[in-house]
Every structure is written in structure tokens, then in C-alpha cells.
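Fit chain A to the supplied structure of chain E, relying on the hints for placement.
Line by line, the protein sequences give chains E and A.
So for the first sequence, the working numbering puts the first residue at 593; every next one is plus one.
So for the second sequence, the working numbering puts the first residue at 14; every next one is plus one.
Just so you know, these hints were derived from the structure itself, not from any lab.
Only a predicted model underlies this, so the values are computations on that prediction, with no experimental measurement involved.
The beta-carbon is built from N, C-alpha and C at its ideal position, and this holds for glycine as well.
Check each hint, because a few of them may be wrong.
[Unchecked claim] The calculated lysine-lysine pairs, modelled on BS3-like cross-linking and capped at a C-alpha distance of 30 Å, are: (1) A:K42 - E:K594; (2) A:K16 - E:K741; (3) E:K707 - A:K115; (4) A:K137 - E:K680; (5) A:K42 - E:K735; (6) E:K842 - A:K24; (7) E:K925 - A:K16; (8) E:K932 - E:K894; (9) E:K887 - E:K1086; (10) A:K63 - E:K626; (11) A:K16 - E:K835; (12) A:K89 - A:K115.
[What the hints assert, rightly or not] With the Cβ distance kept under 10 Å, some of the chain A side facing chain E (calculated, not the full set): (13) L34; (14) G53; (15) L69; (16) T109.
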Amino acid sequence: MKIYRLHVLMCGGTQCVSAGGESFESVLKDELKKHNLTDEVQIVRSGCMGACDRGPLMLVYPEGILYQRLKPSDAKEIVAEHFLKGRKVKRLMWTEDGHPYPTMNEVPFFARQTKIVLRNCGLINAESIDEYIAADGYAALGKAITEMKPADVVAEVKASGVRGRGGAGFPTGLKWELGAKSTGDTKYIICNADEGDPGAYMDRSVLEGDPHSVLEGMAIAAYAIGAKQGYIYVRAEYPLAIKRLEQAIKQARAYGLLGNNILGTTFCFDVKMRMGAGAFVCGEETALINSIEGKRGEPHLKPPYPVTSGLWGKPTVINNVETLASIPVIIHKGQEFFRKIGTKASPGTKVFSLAGKVNTTGLIEVPLGMPLREIIFDIGGGIPAGKKFKGALTGGPSGGVIPMEHLDTPVDYESLNALGSIMGSGGLIVMDETSCMVDIAKFFLEFTVDESCGKCTPCREGTMQMYRLLKKITEGKGEEGDIEKLEAMGKAIKSTALCGLGQSAPNPVLSTIRFFRHEYEAHIKDKKCPSGVCKMKEEAAVKA
Amino acid sequence: MPKINTLDDLKKLRESAQAALKTRAAEAKARVRVSMGTAGIAAGARESLKALMGELEKHSFCDLQIVEDPTLGPDKNEPIVCVERDGFVTQYVKVTADMARKIAAQHIVNGQAVSEWAVARSKK
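One chain only, chain A, in its complex shape:
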């Protein structure tokens, strides 16, 4: 472990330690809901979720909370992903692993909704 030599070092360490604990915080920059009922899993929701998380890790983006919902919409639309960010809730349906990666990078990390896939967008 490197020594903490100044108040500034301590502050930096605090910020990075807090970043790793956003899952336990009252709120985070982004909140992602993934439909994970039986139908969702059958439609590949697990693979999409893993792809999403992998992409976020690549970008070291951890200012978020991931919540699984038993079901967010009709079975035919599974897997469903909802992204809450910047005061808006955006829903994506039939999210494949590839789509999940793009949603992660473009929307969750950079705040630009993937408009061609977004089926609904509402104020939080």
C-alpha cells in the first residue's frame, strides 16, 4: 500500500474508495433495470446483462446501480433493459448481448441514448 502523505492523497483515496461503493450509496449517476424473469432468462437476458457489465468494466464506469426486475414488460419484448440517467428513463427491448454493449458504452457511460433502439423515454 502506498503511504498517504498529504490531505490531498487522503481525499483522492476517499474519492476512489467511494466510487467503488456506489452500489451501496443512496443514489448513483445511472440506474439500470434488467428484466430477469423466467421469460427474460430464456430470451437471453443473462447474456445481455453479462455483456453490459463487461462493457462497463472496460470503461471503469461504476457510478451506477444495477437492479434486476422480475419483469418489466411483455414476454415477447424480452430481454428488456431500462436505463435511468440524467432524469430520464429509457427502455430498450429485445436487447441482445451486442446491443447491451452499445447501450452500456453510449448511453450508460456517455449519456447518449441509443435512439434507434429506444422504445420509450419518459421523465423520471
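Bound conformation, chain E alone:
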């Protein structure tokens, strides 16, 4: 058996790769050759480690030393000093206020997180089913199909209280129960990997870093509801995720963990992939089903819900990537374990992509109910350049802004809804005093205008009218009464649009009006943008 005294995990997440991770790795390999160390050092490409802002990242075992922001020119020193002589390279460690944190577990950014969905991300070889199995992979599937009846699995998931992580927060166990009760000999399980919120990449990272966790979750779901076929609907803009998934499916089939008579039981299940062309609306389940069927990606009225009539008219359960990735943990460790994390009404953890005006951007996983302040200041390290926090946007184009005065809000489904925002899929964009709230609302509305499928009038025409009003306001042409018009239209669209996209599209506008009405008024009455972002008519005239 080959022994490597050092295991070097290179973050293979998209950000670390695009920050130059591959060129670093190739120089590192050259240096290893020069020092005759290729036999002693194993290089592994892992999934996303999370601290994307600090990439390219590298983790060196057995001691778990974390190096960050690596440049190809750093490889020589790391090999000559650390790999050859055991002298750690301090200058490449994570440093805060002059204090180096040699190992990952010591860094505050990582130390305060709780990882369930991302349990293996960044810690195992993303392309190795053996490493997934070493990390208790497929043990939950084994337990489910050999020791539990489908109804037991549904009951366990129901008792765990896990809710859909794609946005709406529908109880997963209840969805499975409805799926299991639906009659018909053909049923489907679909993994919704059509992640589309600007700045959000939780699902991509799970698919890239731990694809088997999603496959295992799907297989367990299929067993629970009585499906034999699963589909993964993933956007074509995620080439690495697609590659890793395809590889994972092949490996699982080769081991017989997908296919007929899994683990010698009567349970049969396989998975196919379907690529979407990146339309935001295809994340909506009825539009997604249309897209898989080869039809135009447009939603339709519910009911019928997919659990009764979904893909090709058959009962279909659609779960999000993150939801499915947490299922193996719930089954393997039991619902009690899961329930202990998070809050009573929102158990478990949530992955967020922390972006915007925050010191450490990246991918984090925290127990639900953690106060927003802790996420932004303790994990994210606060606001850069001594600026003041203004608000945080959750839920992307369907969500809302949480202002300074609500910074101690626990981040869970209920608390965010009470503030007019939503949990959403997990995008968390931090804004400081230089961000203009009207401009932010305009940005997200422009996104929904672009992504509206055009099937229903409130969304197609209404969002466009709201966008025009916002554009007018940000150009200094706003009039008395525009805010009220926005509010009235927003409420009307919310209650009349056909699908979730339209029903939530006005949220960013309504929530910024609710908490930052004075900014709208300043734009309209004083023709001033308090944050200096919008080019107002008069200011523009003065400059010219």
C-alpha cells in the first residue's frame, strides 16, 4: 500500500481555480519533482473550502495547515521549506490583525461554522467515490434500504423538521409524504440544481465538491416515495459541476450504488442529467418540469402540484441540491441529531454565499437562527475600509433588505419573512453606507424584468413598469406619488402573478421602501442620491 506522508488538498472550487489555482498547482508539481518528493506527497483536488476571497487555498495534512492567496511563485518556498524540512511558511497563512492562524480549525471564519451540507466539501477528493465512502458515504442509503421501510424514511425526515433549502422552505418530509401517497407505478425524483440568484453559488459548490452526497440524497428520496428514476436539472453554465456529477454517476453505477437491486435489495434507482440554458424561471418547479420535457420553460398554475402530476404527468418530488445533500446526515445520524442544530421551527443549517461589502466573502454554513450580526461581523469579519453597515439582502431578487436596526435578527425562515424578506436559496449580499438602496432595488428588478418568462401580465408588464419608475427616480426625474405607485403595483403583482418569480419580484423594492423610504424621498424631493451612487439629472447638469 502506498504511503504519502503529506496529503495536500488544493481547493478545486471555481473561484480558486479562476484565481490561478491550476497554475500554482502545476508549479508545485514541478517543485516536488525537483526535490524528489512526488512519492511522498499526495496532491488532491478537493471541493470548495469556502473562503473564496482568500483563494487559491491549500490545506496540508497531517497537521491541517491552511495556506491562502497562493501565487505560482510561492510554490518553491512551500516545497523547500514546509514539504522538505517541515518548516511552515508563516507569511502564507491566514492572518488577521497580524496574528497568524496556522490551521483551518483556528481561523474564526471556519471555527464558527457548523457543517452538515458542506461536511465533505474541501475535505475529500471531489472526484473519488472511495473518499466519499470513507466519510460514511452511502451508509445512510444502506441503512434506509436494508433496515427501514419507505414510510420510516419519510417519518424520519418529517421528524427532522428539515425544510426546502431552495427558497420557499416547504417541509421536505411533508413533500415526501405527499409523494409517497400519490398513486401510480411511475414516480420521479428531481434534483433542482438550477441555481440562479445573482451572487449565489451554494448549490454549485456542493455539486462540485461533494456530488455523491446529492446522489445519495436522491436515492434515499426515491426509496421513500417509490421512484425508480431521478433527474438532475442543472444549468449549463456550471461545466465543472456537470463534469463532477457525470463522473459521480458513473462511479456509483460501477459500484452498483445506482442501478438495479442496490446492495442486494429489490430497490432499483438511476439518475439522468438534464441541462438548462440558464433561465432563472426554470428554477420554478413547474417551469423546470416543462424544460425537462423539452417544452418552453414556462410555469403553469398550481394545482395540480408536481407531487400529484409532475414530470410527464406522473407524481414527482422536486428537492433542492442543499436539501438533498443534508438527507444522508439525517438518516445516518438520526433526526434527533439534526433537530439539535438550528431553531425549533427551522432545524438544521443553511449555506450562504456571503458577498458584497464584507471582509471575507465566501461560502459559509451556519445553524439556522444565528443572528445576522454574527454572520457578518464574526464570520465575515465585518465591513471593509472602516465603513458603516447599512443593510444585508437575503433571498436575492426575491428577497429583501435587513437594515442596521434589525442586525440582531436570527436568520431563520420566520424571522426573515416577518421583515418582508425571505431565506431564499442563500445569497447574502452585504451593503455599506456607499450602497444606494434605490439603485439596489433597481438592479434586482432589472434582473427579474430580464428573466420574466412573459406568460402572465402582472409579471411581464408590472415589473417593467416598476423598473421604469425606479429608473426615473434614480435619474432625478422622480415625482411626488411615485413611491405610492411602486407600493401599489408591488402589492398587486405579489398577489396576482402566476409563479414564485413574479410573486416575489417586488420584494426588494417593497422592502427597501419599508426601511429606507427616506432614500427614495431624497431622490424624488431633493433630487439627491444620499450615497452618491445615482447620477442625478441636476448633478449631471452641473458637471457638464
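The following block gives chain A in isolation, referenced to the frame of chain E:
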């Protein structure tokens, strides 16, 4: 790849896969420290380390972690190897490649310290 046909197959595969990942685990049966400063390398620490690893591979013993230390003792004692196993830390000095092979086979794999070479032994 052979198919996994039973839960037992899965368990076996998990155990062998975990064995290959002890370097990344929180702990392992044995932890070996090898002094690898400039003086250590000059005294032949690299050759001793390679011999040690080669011997462990022969025995397919991978329930261990190997850590390099810049220096574990005075230069005149290099190469120095410390073996942590069964709650004890045992130090060996002036470890040649041949000595390393014996330490690997007898102490690291089988748990019997090579007493004639051990210069210090203490509780971990």
C-alpha cells in the same frame, strides 16, 4: 471496480478507504516525528525517512501520521526520529537507513520499541 452487493461489502470498502486516509484523520495509531532541519538532512535524515516509509509500505501499515520537525534535538544526534505509539514517546538518535527499517518494522508496525537504540522514553 467490483460491485458492492451487500452492506458488508460497503462496510469493508469503507474501512479500507478510511485506512488510506489516516494522514487526514484526527489521530492515528502511530505518529512519527522526523527531524528534518539542514543538519538533519546533512546527516542523512532524508535517506532514513525514505527507508522508514519503504518499510512501512512493505508491511502495508498506514495507520500513522508522519510529521517533519525542523529540529528535535542537538545537531550531533541527527538524524533523530521520535515514535509516538501506545501512549509513549520514544526517541531514537543517529538513525541510519538500516536502523529506520528496523524501527519501522519492530516499533511502528508491531509496537515493540527497539530498546537498544531508544535514548529516551516518556509518557505522551
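Hints, one by one, checked against the model:
1. A:K42 - E:K594: Roughly 17 Å between the alpha carbons, so the hint for K42 of chain A and K594 of chain E holds.
2. A:K16 - E:K741: Holds, because 24 Å separates the two Cα atoms, which is no more than 30 Å.
3. E:K707 - A:K115: Violated: K707 of chain E and K115 of chain A sit about 43 Å apart, past 30 Å.
4. A:K137 - E:K680: Cα-Cα ~24 Å, so holds.
5. A:K42 - E:K735: Status holds; Cα separation ~29 Å.
6. E:K842 - A:K24: holds (21 Å)
7. E:K925 - A:K16: Holds. K925 of chain E to K16 of chain A sits at ~26 Å (cutoff 30 Å).
8. E:K932 - E:K894: violated (34 Å)
9. E:K887 - E:K1086: Holds - the C-alpha atoms of K1086 of chain E and K887 of chain E are around 26 Å apart, at most 30 Å.
10. A:K63 - E:K626: holds (16 Å)
11. A:K16 - E:K835: OK: K16 of chain A and K835 of chain E at ~23 Å, within 30 Å.
12. A:K89 - A:K115: holds (22 Å)
13. L34: Because about 5 Å separates L34 of chain A from the closest Cβ in chain E, which is inside the 10 Å limit, the hint holds.
14. G53: Where the cut-off is 10 Å and the nearest Cβ of chain E is about 8 Å from G53 of chain A, the hint holds.
15. L69: holds (6 Å)
16. T109: With Cβ-Cβ at 19 Å, over 10 Å, it is violated.
Comparing the model with each earlier hint shows violations of hints 3, 8, 16; every other hint is respected.
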